[in-house]
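Q: Residue numbers (UniProt numbering), protein chains in the order written: chain A, 1 to 380; chain B, 1 to 341; chain C, 1 to 349.
Where hints are given, some of them may not hold.
Listed next, the in silico DSS-like pairs over lysine-lysine satisfying Cα-Cα at most 30 Å (straight line) [what the hints assert, rightly or not]:
#1 K295(B) with K35(B)
#2 K175(B) with K317(A)
#3 K141(B) with K80(B)
#4 K35(B) with K55(A)
#5 K55(A) with K80(B)
#6 K136(B) with K118(B)
#7 K175(B) with K118(B)
#8 K55(A) with K175(B)
#9 K170(B) with K35(B)
#10 K141(B) with K118(B)
#11 K80(B) with K34(B)
#12 K58(B) with K214(B)
#13 K227(B) with K209(B)
#14 K58(B) with K302(B)
#15 K55(A) with K295(B)
#16 K87(A) with K35(B)
Hints listed in this document are in silico derivations from the structure and should not be mistaken for laboratory results.
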Amino acid sequence: MPRLRLRCDRRCLRALAAQALLLAAVAGVLAWLAGNAGAKLAQQGIASGFGFLGKEAAFAISEHPIAYSPADSYARALTVGVLNTLKVALPALLFATVLGTLAGIAQLGRNWLAARLARGYVEAVRNVPLLLQLFFWYGLLTELLPLPRQAWSPLPGVFLSRRGLMLPAPAGEGWGTLLAAAALGLAAALALRAAYGRVRRGGGALAALLLAPPLAAWLATAGTRAWSVPALQGFNYVGGTTLSPEFAALLLGLTLYAGSYIAEIVRAGILAVPRGQVEAGLALGLSRAQVLRLIVLPQALRAIVPPLASQYLSLVKNSSLAVAIGYPDVVSISNTAINQTGQAVEGIAIIMAAYLSVSLAVAALMNLYNRRVALRGATR
Amino acid sequence: MHHTIRTSVAALLAAYALGQAGAALAGETFDTVKKRGTLRCGVNVSVPGFSAPDSQGKWTGLDVDVCRAVAAAVFGDANKVEFVPLNAQQRFAAVQSGEVDLLSRNTTWTLSRDAGLKLDFGPVVFYDGQGFMVPKAMGVKSATELNGATVCVQTGTSTEQTLADWFRAKNMSFKPVVIDSFDELNKAFFAGRCDVYTTDRSGLASIRKTMSGKPDDYVILPETISKEPLAPAWRHGDNEWGDVVRWSVTALIEAEELGINSANVDAQASSGNPAVARFLGTTHGLGAALGLSDKWAYDIVKQVGNYGEVYQRNIREPLELARDLNALWTAGGLLYAIPVR
Amino acid sequence: MAKRLRAAAGWARTHLFAGPWDALVTLALAALLAAALPPLLRWALWQAQWSGDAAGCRAAGGACWAFIGEKARFILFGLYPPAEQWRAALAVGLFLAMAGYSAARFRLPAAGWALTAAACGGLLAGGVAGLPAVPATQWGGLPLTLLLTVLGLAGAFPLALLLALGRRSRLPVLRALCAGYVELVRGVPLVSVLFMASVMLPLLLPGGVVIDKLVRAQLAIVLFVAAYMAEAVRGGLQAVPEGQDEAASALGLRWWQRQRYVVLPQALRVALPALVGIAIGTFKDTSLVVVIGLFDLMTSARAALADPRWLGFSAEAYLFTGTLYFVLAYALSRYGRALEARLAAGEGE
Chain A
1 MPRLRLRCDR RCLRALAAQA LLLAAVAGVL AWLAGNAGAK LAQQGIASGF GFLGKEAAFA
61 ISEHPIAYSP ADSYARALTV GVLNTLKVAL PALLFATVLG TLAGIAQLGR NWLAARLARG
121 YVEAVRNVPL LLQLFFWYGL LTELLPLPRQ AWSPLPGVFL SRRGLMLPAP AGEGWGTLLA
181 AAALGLAAAL ALRAAYGRVR RGGGALAALL LAPPLAAWLA TAGTRAWSVP ALQGFNYVGG
241 TTLSPEFAAL LLGLTLYAGS YIAEIVRAGI LAVPRGQVEA GLALGLSRAQ VLRLIVLPQA
301 LRAIVPPLAS QYLSLVKNSS LAVAIGYPDV VSISNTAINQ TGQAVEGIAI IMAAYLSVSL
361 AVAALMNLYN RRVALRGATR
Chain B
1 MHHTIRTSVA ALLAAYALGQ AGAALAGETF DTVKKRGTLR CGVNVSVPGF SAPDSQGKWT
61 GLDVDVCRAV AAAVFGDANK VEFVPLNAQQ RFAAVQSGEV DLLSRNTTWT LSRDAGLKLD
121 FGPVVFYDGQ GFMVPKAMGV KSATELNGAT VCVQTGTSTE QTLADWFRAK NMSFKPVVID
181 SFDELNKAFF AGRCDVYTTD RSGLASIRKT MSGKPDDYVI LPETISKEPL APAWRHGDNE
241 WGDVVRWSVT ALIEAEELGI NSANVDAQAS SGNPAVARFL GTTHGLGAAL GLSDKWAYDI
301 VKQVGNYGEV YQRNIREPLE LARDLNALWT AGGLLYAIPV R
Chain C
1 MAKRLRAAAG WARTHLFAGP WDALVTLALA ALLAAALPPL LRWALWQAQW SGDAAGCRAA
61 GGACWAFIGE KARFILFGLY PPAEQWRAAL AVGLFLAMAG YSAARFRLPA AGWALTAAAC
121 GGLLAGGVAG LPAVPATQWG GLPLTLLLTV LGLAGAFPLA LLLALGRRSR LPVLRALCAG
181 YVELVRGVPL VSVLFMASVM LPLLLPGGVV IDKLVRAQLA IVLFVAAYMA EAVRGGLQAV
241 PEGQDEAASA LGLRWWQRQR YVVLPQALRV ALPALVGIAI GTFKDTSLVV VIGLFDLMTS
301 ARAALADPRW LGFSAEAYLF TGTLYFVLAY ALSRYGRALE ARLAAGEGE
């Protein structure tokens, strides 16, 4: 016995020593790299640190979800970049999920044409680099759509041209109040449901709670609400809101590309559900759609969610290819900042930090959802 | 565990050795170049007229010929150049780290680059300035009418900031479409994605001429909103190397001033004109002071030509761009060779 | 005849019109095809121009395959000197033949691959056997894309093994370092890693040390791919029952021996399909070196588009290049399927 303890001690000591050595080696290499960088930067007279963030950016950005002008700081420009990344990545997540689910189910369905088309789509899109697809879509969008003066107007106030899709936008502070009221109603309804559990009765009260505040706000703000409608004035459409061709190409490319991967994930997930489950469901007299919705999908979800999470992450990261087709995402704006300041280290650090935080947020959300999906059937 | 450490140390050493293999010591570029036997020259990935590979993969252009002139002076062989295509973000780092010996990539000589990025710039090889191009059908006569326009602009250059500054100073607004790649941007403009295209005037002229298909449908507006003297660059403080580059470029201009070109250089060398004989190294030469052979200027002119030939071949003919500012001082331009004597 | 017609109708009823919804979907898709296919075919085939120059192409209005004829050499081999181009072509052929052979046999003959690698390297770089040297700055097109992919995967694999084993180590510091590395790299886009290699890495090295741009990009790809591979390998490791390791331990095998002879062979078998997926991804992702100006297949296709004499044929160039990528990636993915089926069958035995 004592001998054994002695051996353990030696092993523990060895392990400790090895780890200390490892840590020292990693720290040493990092310090060496940092030292080199410091020396070179000093020698080249390039400023370092994030002081430049407060300086005036002095370049323009075409799309900015928040107010921005060249007189604003680099920090604000980069914030615009991050918001633009989210602006394209989040809708792409949604659309890709819908498209991927449909294509995944269609491949296994009995409609021959739909299955073939879905299969063709998945194979064609998955095996070609996304960058190439983005170039292709962007070229197509800017070459096929009509010129601004001949813009196609399917509905009054809606214009489609090479400058993008112009839509009417809400204007006036009334809309803000309306939005706040709707949020209030939703929160109250959710609180009620949480407090009383799933009430069978009382649905009316719930609906009233949900609808009353926005309805009241709708009536109260009638005078302060308006629509800003785009109109051709001078060179461009003024007013309303614009979806640029760069945004559209990126959204389309990301959606199709991620959709093809999601289709494969969904297909594999459904195949993982034993056939007997489907047959049992049909034998119970459920329709095919009901079997899919009530039996297959809930079980398939368990196999689907973990790979789906990593697919979502790669979609967000893939949005960095925006730089190639001129959508002002965080990479594109950091690029300009690097060009103007020469501070490559800081610029790249900002890009990485931005993606890391988005990745971590998406990963955390998906983990949460995964736990919910997994818990319901956690008998295994 | 030990294995892990040993492996990682070995990997590190290997990486280091790899690095050493391509080592070039800053401050001694000239020696490194001579020892290597080729000149590593940083050029643009693709700008017609300045540097672009043709269908055969051969580099051509004004910037490319500057590299070739330096190689001719150093090695007596204009082909001893390795061209390193660089994009805008990489170019200065590539010079600073020693990846290239010379940067000849339509780069504007400015104070902040010269002093701030610790570079040295050689004689200006091309005088340029930022301008605007619009479709003729738009009916715009001056850039001051461009309020609210959508502007196509390439990233990675000072163009973006110059553009924003100019519009701000005029209290006008615009919408930029910023694209990294030259050909993608051209496509976007000609497809009507933007109202206006802005870049250096030489670039506008070349794009209008060669890329539009219908040059007459586009006009370049009269305003020039910046000065862009393009010059080769090398590492700050590398004086011997700087001299070689400076005088190689000067020799191109001097040869044109003296009326020497690649066709008549042999006849000129034996013509008896003392200034020409000195320049071409027929009599006691000027090469020794530079650490070059006496035939250095002869090799440049013989293999690359004089500045006029270089311009004619790369800019005048394919882009149909007149000499204007880039004519000799005797012809009303700005090119004035420092005396080679 | 009538019988066959009835059979066809029956097939259509079960496969296309099984219910009102099915019928609706079928009709909608058919309408879509009917609208999209004729103009597409007209463009790609009937009005296409197969030879001639750009002016002829513009007049014809269809696809300009003459452009591909003119530029195929440049797209495939980039800046490689035309006189030496047979070498690049031979290297690609050699590599594909070896890859096909290995795939058909489901094995990786080490000696054969070492020989192939040496031959390909010698052919590309030259300087041996009387072949003139071609510096790496002139490599381009498909050979470069394949080189970046293969060296990227080969370099990443050992690193990935170490990372995956390290992440399951009993030493908390090692575990944290490996996990930290993998999660950090997986959290950022390849574009940023490539930027780092191209702009930032030169700053991190001591003065005077220069690493070639191609090597830097290669290093970035290795470091990036290793993180993803490590996760695939870790998944495989988790699938190996504890008992295997314990049994090997009881036999007196040391840690390295246990991993080498017992755990890793089983883990890698499980991880293989995922590794093939990573290989496909890496192949496609090498196209991102466009952002740092390396002349790979993608960049050379775009450089071909910049030729003033041949403007406006981007759709043709992208279709051509896309097809090249597709053929190779699709072949690889079919191989992945075959591998999976083989492994599944092996388990059933």
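Q: All hints are to be evaluated individually against the structure, with a verdict given for each.
A: Quick rundown of the hints versus the structure:
no., hint, verdict
1, K295(B) with K35(B), "holds (20 Å)"
2, K175(B) with K317(A), "holds (26 Å)"
3, K141(B) with K80(B), "violated (48 Å)"
4, K35(B) with K55(A), "violated (45 Å)"
5, K55(A) with K80(B), "violated (45 Å)"
6, K136(B) with K118(B), "violated (43 Å)"
7, K175(B) with K118(B), "violated (34 Å)"
8, K55(A) with K175(B), "holds (22 Å)"
9, K170(B) with K35(B), "violated (54 Å)"
10, K141(B) with K118(B), "violated (41 Å)"
11, K80(B) with K34(B), "holds (11 Å)"
12, K58(B) with K214(B), "holds (28 Å)"
13, K227(B) with K209(B), "holds (22 Å)"
14, K58(B) with K302(B), "holds (20 Å)"
15, K55(A) with K295(B), "violated (52 Å)"
16, K87(A) with K35(B), "violated (54 Å)"
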